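One line per chain: the protein sequences are A and B, in this order. Start counting the first sequence at 42; every next residue gets the next number (the numbering used here). Start counting the second sequence at 13; every next residue gets the next number (the numbering used here).
Calculated directly from the structure, the hints in this document are not laboratory data. Don't take each hint at face value.
Cβ-Cβ distance ranges computed for the label pairs, FRET-style [unchecked claim]:
| no. | chain 1 | residue 1 | chain 2 | residue 2 | range |
| --- | --- | --- | --- | --- | --- |
| 1 | A | PRO155 | B | SER138 | 21 to 29 Å |
| 2 | A | ASN68 | B | VAL213 | 32 to 40 Å |
| 3 | B | VAL129 | A | PRO155 | 40 to 48 Å |
| 4 | A | ASN68 | B | ILE323 | 56 to 64 Å |
| 5 | B | VAL292 | A | PRO166 | 47 to 55 Å |
| 6 | B | GLY139 | A | THR189 | 56 to 64 Å |
A few chain A residues facing chain B, derived, Cβ under 7 Å [stated by the list, open to error]:
| no. | residue |
| --- | --- |
| 7 | ARG125 |
| 8 | GLY126 |
| 9 | ARG129 |
| 10 | GLN132 |
| 11 | GLY133 |
| 12 | PHE137 |
| 13 | LEU140 |
| 14 | ASP144 |
| 15 | LEU152 |
| 16 | ARG153 |
| 17 | VAL156 |
| 18 | GLY216 |
| 19 | GLN274 |
| 20 | VAL278 |
| 21 | GLY281 |
These figures come from a predicted structure and were not determined experimentally. We put the CB at the ideal spot given by N, CA and C, even for glycine.
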Amino acid sequence: MTGADTDALLVTSGLTRTFGRLVALRNLAITVRRNEIFGVIGPNGSGKSTFFNLVTGFIRADAGEITFDGAPIANLPATEIVRRGIARTFQGTRLFRGLSVRDNLLAAAALRSPVNWWDGLLGTPVLARAEAASGRRADELLAMISLTARADAKAGDLPYGDQRRLELARALATGPRLLMLDEPAAGMDAAETKALLDLIKDLRKRENLTVIVVEHDMELIMNLCDRVHVLAQGETVFEGTPAEVQAHPKVRDVYLGADEEAAA
Amino acid sequence: MSRTQTIWIGIGVVLLALSFFAQNLLPDYAVRVLTITCINALLVASMAPANGMTGVFSLGHVGFVAVGAYAAGILSLPVATKGSMLPDLPGWLAGWYLSFLPSTLVAGCVTAAVAIVVGAPLLRLSGHFVSVATLGFLVIVNEIVINADSLTRGARTFTGVPLETTLPWALGWLVVGLIALGRIASSPTGRAWRATREDVVAARAIGIETQPTRLSAFVLGAFFAGIGGALYAHYLGSFSPKSFLFAYTFTLISMLVIGGMGSLSGAVLGTVVVTALSEVLRNLERGMDFGALSIPPLYGASQIALGLLFIAIMILRPEGLLGPREIRFPNARSPKETTHDSAAP
């Protein structure tokens, strides 16, 4: 299913993180290959978000290693990790709500076209080149998420679905090789979810991306991912193709059990 | 350069040309109010990057004004005066004299250097914590000025600074400050400032480091606060530590907040509105006679009225007159981009 390219992009081993006495993640070993779409699922509290925050540098690991493209990245600052090519979105979106849609993208695109404050003051050629490059990238992304007409609107004024896509585009504006999406379909209706699925698949091809998705929407995961990793209570339950995961009895136990608890 | 920037610069140049005539034609009182307004507008605008654009609400800005005023004062006292005024000045400073422009520039740089030292630890804090901490900075500067007798004459009035700040100088520096701040604020640097204000976590996720970003706004603002302090010193000629404390802090912050934080045109507008109001009210509070009707003097009424205005704006328009917007001039080429940003509240 995963094709001939078996070369690993992101590898974690022995990854462990506790919060007080709660073990959020224990000895996690995950290998994500280049250009695959990798799903991480599990009930609430299974450690999915901890995994996300560890990889993207928002929290520190107690133990274990993370390598990205062969280089160790565990416990690097978040700003350095995005510079190396791992971009993320957040659960429930975190846009720069008071900035325009376009400025949200320009702020992110600046990562690949850095300028100093004196470039802005003096209007140097560096500034002109950087603004042109960021502007082109922003326009391209605006077109991709069909928000060109609303480029000057305040990001916080967009409908929720547009905000989610803008956040995705903002992550892309940083020029990542690995894109990590935290529940991208949360709060979307069926049509929006379908459009998102197509967008992510298309992106993988066009931008040569590797994607990790944490998601509750099983249908999205099953239709989108090449492989799925199942977590429960901070530990690996199973990893396999969507079909294997769906058929696996242990996964059904974990998921159905959790669902019943949640419903009760 | 955008059309808005070009027009603003044009307006600045025209006003600057006019100010050369104005200082001879207008009554002294008007020239004084205009000069102070320009200095205050520069100081308020210099608060906009940190307080308005990065969301680090500093209450210590007047501490930087004090640093600038004293630095410029010490540097520009004639060497002979230094001997009598500041007999204990370290040797290298005692024999050193700078004229108006160089002393102003050095005062700006000294203030920026202080801001780097102060900002590096303070700007790790957020929200209310940073406000309280910067207030601490203001108090510390005040104590240092009072106790560093050999440099500052302590609590006594520092006097003898050459009176060099004229209306064209004050306006000229205001124009320079606004152009510099405006250009940086509209560049990627300014975008990063606003991104950290909106969401620190999301900003980190796209590679914007919170602390250096905030520090750049803080230090840039401090540089112009130092310039403003130097202009102030050269305008008044004499000042004391208590000139740069809570009362002045309140005045500048109310101007910033009333005009709209995060907007340079708002900073100028707020300064003009507050200054105009307090001048009018100050003249009214002396009492008046309208034939049969006579209004008795109401000393202090202007401060009360300003306080009420401050409260009213906070209730009715908490983002200030302009909020984060700038006054823009519609671009001939793409009118839809700018028309919604008119000055009208």
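Tested hints:
Range check, A:PRO155 to B:SER138: Cβ separation about 24 Å, and the 21 to 29 Å hint holds. Look at A:ASN68 against B:VAL213: about 27 Å separates their beta carbons, and that is not inside 32 to 40 Å. For B:VAL129 and A:PRO155, the hinted distance range of 40 to 48 Å is not satisfied, since their beta carbons lie about 26 Å from each other. Range check, A:ASN68 to B:ILE323: about 58 Å between beta-carbon atoms, so the 56 to 64 Å window is met.
Checked against the hint of 47 to 55 Å, the pair B:VAL292 and A:PRO166 passes, with Cβ atoms roughly 49 Å apart. Checked against the hint of 56 to 64 Å, the C-beta distance between B:GLY139 and A:THR189 comes to roughly 36 Å, which is inconsistent with it. Taking 7 Å as the C-beta cut-off, the interface hint given for A:ARG125 is violated, the closest approach to chain B being about 10 Å. This hint is violated: A:GLY126 has a C-beta 11 Å from the nearest C-beta of chain B, more than the 7 Å allowed.
With a least beta-carbon distance of about 6 Å to chain B, the hint placing A:ARG129 at the interface is held under the 7 Å criterion. At about 12 Å, the closest approach between the beta carbon of A:GLN132 and any beta carbon in chain B exceeds 7 Å, and the interface hint on this residue is violated. About 12 Å separates the beta-carbon of A:GLY133 from the nearest beta-carbon of chain B, more than 7 Å, and the hint is not met. A hinted interface residue such as A:PHE137 counts as satisfied when its beta carbon comes closer than 7 Å to some beta carbon of chain B; here the least separation is about 4 Å, so the hint holds.
Against a cut-off of 7 Å between C-beta atoms, the interface hint on A:LEU140 holds, since the closest Cβ of chain B lies about 6 Å away. For A:ASP144, the shortest C-beta to C-beta distance to chain B is roughly 6 Å, which falls under 7 Å, so the interface hint holds. The beta carbon of A:LEU152 comes within 4 Å of a beta carbon in chain B, closer than 7 Å, and the hint placing it at the interface holds. A cut of 7 Å between beta carbons decides the hint on A:ARG153: the least distance to chain B is about 9 Å, and the hint is violated.
Because the smallest distance between the Cβ of A:VAL156 and any Cβ of chain B comes to about 5 Å, under 7 Å, the interface hint for this residue holds. Here the hint on A:GLY216 is broken, as its CB sits about 10 Å from the closest CB of chain B, past 7 Å. Because the closest C-beta pair between A:GLN274 and chain B is about 26 Å apart, greater than 7 Å, the hint is violated. Taking 7 Å as the C-beta cut-off, the interface hint given for A:VAL278 is violated, the closest approach to chain B being about 29 Å.
A cut of 7 Å between beta carbons decides the hint on A:GLY281: the least distance to chain B is about 30 Å, and the hint is violated.
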